[in-house]
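Q: Read top to bottom, the protein sequences are chains A, B, C and D.
The first sequence maps to residues 1 to 293 in this note's numbering.
The second sequence maps to residues 1001 to 1293 in this note's numbering.
The third sequence maps to residues 2001 to 2293 in this note's numbering.
The fourth sequence maps to residues 3001 to 3293 in this note's numbering.
Everything labelled a hint here was simulated from the structure, so no lab data went into it.
Virtual Cβ for every residue (Gly too), placed ideally from N, Cα, C.
The reader is advised that the hints may include incorrect statements.
Some but not every residue of chain B turned toward chain D, in silico, with C-beta under 7 Å [to be verified]: (1) Ala1125; (2) Thr1128; (3) Ile1193.
Straight line, CA to CA, 30 Å or less: simulated DSS-like cross-link-like pairs of lysine-lysine [what the hints assert, rightly or not]: (4) Lys1050(B) with Lys1137(B); (5) Lys2134(C) with Lys2203(C); (6) Lys1134(B) with Lys1077(B); (7) Lys1050(B) with Lys1021(B); (8) Lys3050(D) with Lys3021(D); (9) Lys1203(B) with Lys3133(D); (10) Lys3133(D) with Lys2137(C); (11) Lys3203(D) with Lys1203(B); (12) Lys1021(B) with Lys2021(C); (13) Lys15(A) with Lys3133(D); (14) Lys2050(C) with Lys2021(C); (15) Lys133(A) with Lys3015(D); (16) Lys1133(B) with Lys137(A); (17) Lys1077(B) with Lys1133(B); (18) Lys50(A) with Lys77(A); (19) Lys2077(C) with Lys2050(C); (20) Lys1050(B) with Lys2133(C); (21) Lys203(A) with Lys3015(D); (22) Lys21(A) with Lys3050(D).
With the Cβ distance kept under 10 Å, some of the chain A side facing chain B (calculated, not the full set) [as the list claims (entries may be wrong)]: (23) Arg45; (24) Ser48; (25) Ala52; (26) Asn101; (27) Ala141; (28) Ala142; (29) Val153; (30) Leu177; (31) Asn233.
Take a look at the letters that make up each chain.
Number of protein chains: 4
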Amino acid sequence: MQGNLCIRWSLEPPKRAAELKFFLEDPANFEIIAAAFNQSSRFGRLQSIKCAIAGKNLYTRFFCSTGDAMGMNMVSKGTQHVLEFLQNEFPDMDVIGISGNYCSDKKPATVNRIDGRGKSVVCEAIITEEVVKKVLKTEVAALVGLNMLKNLVGSAMAGALGGFNAHASNIVSAIYLATGQDPAQNVESSHCITMMEAINDGKDLHISVTMPSIEVGTVGGGTQLASQSACLNLLGVKETNRELPGANARQLATIAAGSVLAGELSLMSAICAGQLVKSHMKYNRSNKDVSKA
Amino acid sequence: MQGNLCIRWSLEPPKRAAELKFFLEDPANFEIIAAAFNQSSRFGRLQSIKCAIAGKNLYTRFFCSTGDAMGMNMVSKGTQHVLEFLQNEFPDMDVIGISGNYCSDKKPATVNRIDGRGKSVVCEAIITEEVVKKVLKTEVAALVGLNMLKNLVGSAMAGALGGFNAHASNIVSAIYLATGQDPAQNVESSHCITMMEAINDGKDLHISVTMPSIEVGTVGGGTQLASQSACLNLLGVKETNRELPGANARQLATIAAGSVLAGELSLMSAICAGQLVKSHMKYNRSNKDVSKA
Amino acid sequence: MQGNLCIRWSLEPPKRAAELKFFLEDPANFEIIAAAFNQSSRFGRLQSIKCAIAGKNLYTRFFCSTGDAMGMNMVSKGTQHVLEFLQNEFPDMDVIGISGNYCSDKKPATVNRIDGRGKSVVCEAIITEEVVKKVLKTEVAALVGLNMLKNLVGSAMAGALGGFNAHASNIVSAIYLATGQDPAQNVESSHCITMMEAINDGKDLHISVTMPSIEVGTVGGGTQLASQSACLNLLGVKETNRELPGANARQLATIAAGSVLAGELSLMSAICAGQLVKSHMKYNRSNKDVSKA
Amino acid sequence: MQGNLCIRWSLEPPKRAAELKFFLEDPANFEIIAAAFNQSSRFGRLQSIKCAIAGKNLYTRFFCSTGDAMGMNMVSKGTQHVLEFLQNEFPDMDVIGISGNYCSDKKPATVNRIDGRGKSVVCEAIITEEVVKKVLKTEVAALVGLNMLKNLVGSAMAGALGGFNAHASNIVSAIYLATGQDPAQNVESSHCITMMEAINDGKDLHISVTMPSIEVGTVGGGTQLASQSACLNLLGVKETNRELPGANARQLATIAAGSVLAGELSLMSAICAGQLVKSHMKYNRSNKDVSKA
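Work out the full structure, taking the sequences as your base and the hints as a guide.
A: Shown next as structure tokens:
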């Protein structure tokens, strides 16, 4: 998980902002900064720091492992401790805010794709010609063509930063609500590039989803609510993994990506087969049979 | 609400794609295309069509009023009818899919900010010096400075397309869950530019939120579930507005934007006052006192 | 060509900004606004106006035909005249600037792709299997694969808004310098999506370049310099086209797009054939043989 | 300077792509990879490697110091050597291309802002009240307000990724042509965030430009042409700096950023003072007096 700080100076700004940047990025100082950061939690461990200057302002991005927690609060606390430490070293600095949008939390931002946020997952599958034809009712070539024109070119035409997929957001939202995650983080957690290509001489389909910023936890937050806790239990990823802290959260991120892959395959096939509108009419919540059930 | 089609040709592609574009954009043809579109629903009314060509492929974006429904299904049905009509006029065209990501649904895409999607709302307020100091525990100048460095420059540094705000996504998600909206549409519905400036000789604060693509409805979908229906009732926007269809959905979008404004004011003040971490610790779900209540 | 204004209010801002937006977009007012705009030039003719509100500020984008001129100054003058007209109708408005970056000139901005700027051109070609093999020394499948992984997915990974191509900028820059265009407009004029696909049962290659915002003119600016004028003459597009004003500029934009297509084909083939580095070493300006010639 | 590779696998793709990523990012392997890279040039020195996976494809970005050369060819050669080395270690990999657009060269891409490309420069100045009034003919408050509404909010409204400035591209283009740089790199070299604020109790102006990806060199390429060479000489940055290789190129980048700052100040003041159109008419190339001179 990533948190950030925005710091500035009133006097001698450029020199001091650059000095702090070099200080934070100097490997020789990492241990002491990490010590300050890590005191706030048993699981939060500082991994690295990235700095960006804009004018006389310094934006910092703290990368930190957070065990099986999503970790946003853990990072905020750690960042606050680093801040207190820095104020001793650079007493002339002026803290603008403990969050400067360079994290970037709950906003669609490229920094999350370039440097990751939460878990970065790639999931792939090979779907045989038979399944594509009999189950998905379409053709490999049709899926590959639609993926290029819709998920790659269509999104590029729409200026869709990070949204090179069909409907990752639907699946991520559903899983987040079911497992007690923060649904507002769906914004960046559903960043996804869906790729499809024909393999084995054009017979079978290779599909992958690349999701750089899935923010999940299996402990804390909404994970302790009754239904959500039951759901995590069902998935075998409840609470902290005792043998390998962090393994449960990673597993949940993998489940999310795998489900997105399935969702992409399903919707793309429905569009190829011309069934999109029909399916929505049939399974619509407004439909009486469905509301009865 | 907006839907879209992706169409292409195998033969004579450039000429035919351009011909279809000119056909769809010719005011002389609007009435007949609208007639095809409008037959699918009592409320869905085609407003305009936008076309974009990429190579030999035509992407079309249908703008349509949808009464008090969010309207995604209404648009899909209308688009399908236009498609059937077009296949008579342009029998050589090849329909790639009824959704080509140029809509753009559940992806962070600039087209939604440039041309709008769902409702476009601007909401503003003047907060007096007294309230800023006594209630928000901060200063006008501090808020204005933080807004520039965090919401404008910080987001620009992070490559945050559409995310020039502090946490619009939190508020939009909460309202969407409470009122039966589609939480997966939070991705683009939470696009927001938050602006702050000092007015009245620097004494008072002017704050505004500009939200170009709030997708809401007060009828259909999850709005008929028990709690969600009760919540809409409480807000006085349940079902279709009989006197002015669409007025309820517009009112709900306005409520969402107003709530986002309040949320921005609250979080930004907490950051200015250095209370962000403290508040999260106090009101954390993991906190026992809270889970008891 | 497009120009823009940024206008705001101190008093009653939301109502007045919205009122001006509705005034500018009302078809009933178009004629009188166009009359004000058009008085500044023999060729500049207002086509439409697009408005966007952010808080209490109104951004307007004027679309205007400009004959064979690139037309930036023509648009600025016309906009200034509209401004003077509006100040009579809305005397309480406060003009922030005659350019509010919503044009958007010399910045990479999605608005230029969504709504176009200058000329929007699509250019395509079919390259036979024989030419791909004998001249380009590569295979159709290799080119199609590289285009997807480099120009579509690679650019998406890099957050390349508008830059879904290999090196359009090289060709646009060269043509702009040779024909007296503004090389600083290369930023948005080189926006390009390059698409490739196998056709005729995978034997031949279909390639297209889609360029939404090529800003060129054949009269005014640097077009009258000696070499640049000679070059335009050579291309048969010098000065204003007497029979169909604007046809020369459109032809020049087409030439630019065609050259970009050729450049894309050449570089992509070189990469497929593994010749990129070798070619750069051979034709490098630093190479003595070249500097002699 | 940064170069990149795109590599993929046909068999066991996910495991192998991830294995190569871990291999390239393992500090234990850096020395041997750097040795392969560095053999191609006296000045090119590998600094770090960044990897990104999309599906079964690996994109790598090589950061390298290049002395006083812009260094694109140097990086390409080094990358080619790394490639040859890797093919021994990972014989089953399939090289898609020596450039996968993740560099990202001559395209407007966020990766260049997030991780830098070429030189990253911040330049600032304090302009006293007197100069703002007497020389620039405007007011500090007007400049600060225009900067927020035009360069920050206006660009955000336009979806201007990286273009949070008034006209950096004009100045960068001019300097690149004058000093023998590659004008096609203007696309990303003109990425710039311009910031302005009132300081000293609102009396004076603080202005800064932050430019993350200025690509320049003082040796090689067009720098050896007669006029361009003379111009570099005039600036005192011709050829390789013998005492501190790289210092000349860094100085040229600093000159570019300083010139952009002056250009921003000039244009922004002209807009505030309402002189934009008038100045363009006066100094237009089409104006006879100017063409005579």
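Q: Hint by hint, where does the structure go against what was stated? Just the numbers, ascending.
A: 1, 2, 4, 6, 10, 16, 17, 20, 23, 24, 27 and 31
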